[in-house]
Amino acid sequence: MEATRGMFCGNNDDLVNPLNSMGMQVSCILVVSHFFNVVLKTMGQPGSIAQILAGLGLGQLSRITYIKDTFFPESSINYYEVVSFFSRIHFMFLFGLEMNPHYAMRNLRLVSLVACGGTLMGAIFGLSVSFYLFQEFETNNAPMPYFCMIIMLVVSYTSSPMVIRLAAELRFAASNVGQIAVSSALITEMSVLLFFNVMINWGKQYHHLTGFACLVNTGTTCFINKYLATWLNKRNQNQKYLKAHELLLILLLLLVSSMIVEILGYNSISNCFIIGLCFPKEGKSARTLLHKLGYSIYNFALPVYFGYLGLQCDLITVFQSLDGVVNMAIIILLSIGSKLSGTLIVCHFLRIPTTEGIFLGFLLNTRGYADVLLFGSAANNPIVFHRDAYNVLFVSIIINTIISGIIVSFLARGEEKMFANNHTAIEPQKMEDELRILACVYDPRQVSAVLAAVLAIHGDRASPSTTYLMHLIELVKKIKSNLLYHEKENEDINGDEDYGGNDVVEINNALDVFTADTKILVHQRREVSPFPCLYEDICNDAEDLQVTIILLPFHKHQRIDGKLESGKEGIRITNQKVLRHAPCSVGIIVERGLYKVPRFSSLVTSETVQNVATLFFGGSDDREALAWSLRISRHPRINLTIIRFLLSSSSSQSEQIESGESKDKEILMSLSGEETVNEVDNAFMVDFYNRYVTSGQIGYVEKFVNDGAQTVESLKEIGDLYSLFIVGKGGRGHCSLTIGMSDWEECPELGTVGDVLASSDFEIHGSVLVVQQHRDSKKGLMND
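Residue numbering for the sequence shown follows UniProt numbering, beginning at 1 and increasing consecutively.
Treat the hints as calculated values from the structure; they're not laboratory data.
Incorrect hints may have been included.
[Said to hold, decoys possible] Pairwise CB distance ranges, derived in the manner of DEER restraints:
1) 31 <-> 320: 26 to 32 Å
2) 506 <-> 761: 28 to 34 Å
3) 474 <-> 695: 45 to 51 Å
4) 171 <-> 720: 45 to 51 Å
In this text the structure is predicted, and so the values were computed from the model without any measurement.
Glycine included, C-beta positions come from ideal geometry on N, C-alpha and C.
All chains should be modelled from the sequences, with the hints used to inform the complete structure.
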């Protein structure tokens, strides 16, 4: 609020020197912040803690007379407030744009209780100590209830930007604990911000009208952004990102909206966050904002913002007085105690483990972004308290955040099991469990088949799911760029725009069409690495994102004559390494049937029902393939049939089944062949048959063969009937049904059956999805 008024009402007689001083200040802040980051990173501390310490250190240096006169003159403060204002609104907008509220919406009761536990306990603790602090602080004759509410907010607050930065940097954002913490922090922050804004404006004239005007302003901006983003997404479709003037138009709208809120007397933090949260997440506009703002915000804006906060913090004055140290210690202990006790009580009620409760308590006790500025505005309000009292509160918040951040970092390294991915395969999952998919593509030709597989696995979209599309790019030693100057106008600030070339545009356009047609939001990622190391990036991202499925494209593509032509050998080697080291289940999609319409990849745009077959021979991979198929069968345009291969010796039992001479129990027990499945397969098929086949949801066919040769002949018979074949990679041990099929083995990474289906000599008109269930690395991979 003060920053906005200063832009219009400040004294601008001396313009050049303050701007020069501000430039020197920004340079100092960036250098010191990155120095702290380099030093603390070796100790396992996140970058946000380094930024806080850098701001705190510069704040104390500014108390030295010579340094203050040279680098921090009073005349530059107004300009610096303006820079801080711009940094704050852009960061909160970016944070809202990156935020995914779906987890909070699905688990509203859980995250609300966790948020309320720490917040209510903080309010109680803050109220209990506020009477003592009211006597200690010089409050400028402020009403006691008003002062008590300020202290309650200070103790209760949680900064969601700080929580999500810690979660991202310590790599537990995708875990269940991380999602609970982020969602709970968001609820806490928005509630406290709303209460604070209402409180500081309650006594003003026409506060109801100004509050309503802020709501109308925020809603109008969100409405304009919706149609503006749609219009910009349709313009210049052959460009990777928006042009500079189009990007500035969106940011100018954000700036105008924030300034209106600030001039009306409210803080614009909530306004910027809501605008970012409501901004359309799909298309070129959101992609450009995330791409262009992310680097500059996290590497420049945040250090500058913390530097300005550090300038306001007088640490020396607080520690010169014993009363100041005692009051500061009381506030810190109350903050930590309230968050820990409140969170642990709720976690005990929700039956969350105590270790997770302690971790959540410290994580929700972090401050550092919005709250410092919010409560800093109280120092400029004559009815609240004196500047010395504000210094105590300010230092308490900073030190409290540093303590909590260090403890969270220590706990995150020591409790790795807390963040382990419990959903590494689909088979043991329930339908209501969240499904996380990491789909990989190397070039635009593979996008259609991969996105079709993603759409199919989403099923009817009733169960929660999150999808990431990763563009894998080979890093070459030297790249010669022949781009013209105007083609490099929108080049990435990181300097990696040359990687991917026009493939990036084609992939982005295909993904935009997919999102528009299916309404499935896909988060884009990109990895640039040499082929020998590319599998590590895939596996590390899969582990960080805690995905259940990795989808990989086959290294071959279909030619005009229908034959499969090999692509880069590096793609094949990467796929093989991912299969060996993946932290979850893996699927390889082989696109075939290019000239048979409809085909599986047309599922994205066609209304035609696609026939899909799942081949079951037995083993862990086939059970995983069947679990994938169950999800796929929920799609309204897919007709699924399970084709089970059995030894011919089981045919008499099957005839008895179909004639109805046996009871249900005997029917299902007779489904097992002596040499094809073990007890686990039999139990799995019993349950599957009873649930889905007998009810008519899924078709079921049996094929009786004696050996691998008859299996191949059976596959040829059904090659024209289905647009997709799903089969497990292996895990069958010595299976009589596939004996002899490996004699013409060409691609062992597809397994025995998958290799036959993907062979150029085997004519089928359907794509192939080969599934490998996640295996414990200690047990090793099972071979066919």
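Consistency of the hints with the structure:
Checking the proposed 26 to 32 Å range against residue 31 and residue 320 shows it holds: the Cβ atoms sit about 29 Å from each other. The hinted range of 28 to 34 Å is satisfied by residue 506 and residue 761, whose Cβ atoms lie roughly 31 Å apart. Roughly 48 Å separates the CB atoms of residue 474 and residue 695, a value that falls within the hinted 45 to 51 Å. Restraint check, residue 171 to residue 720: a C-beta distance of roughly 47 Å satisfies the suggested window 45 to 51 Å.
Hint violations for this structure: none, all hints satisfied.
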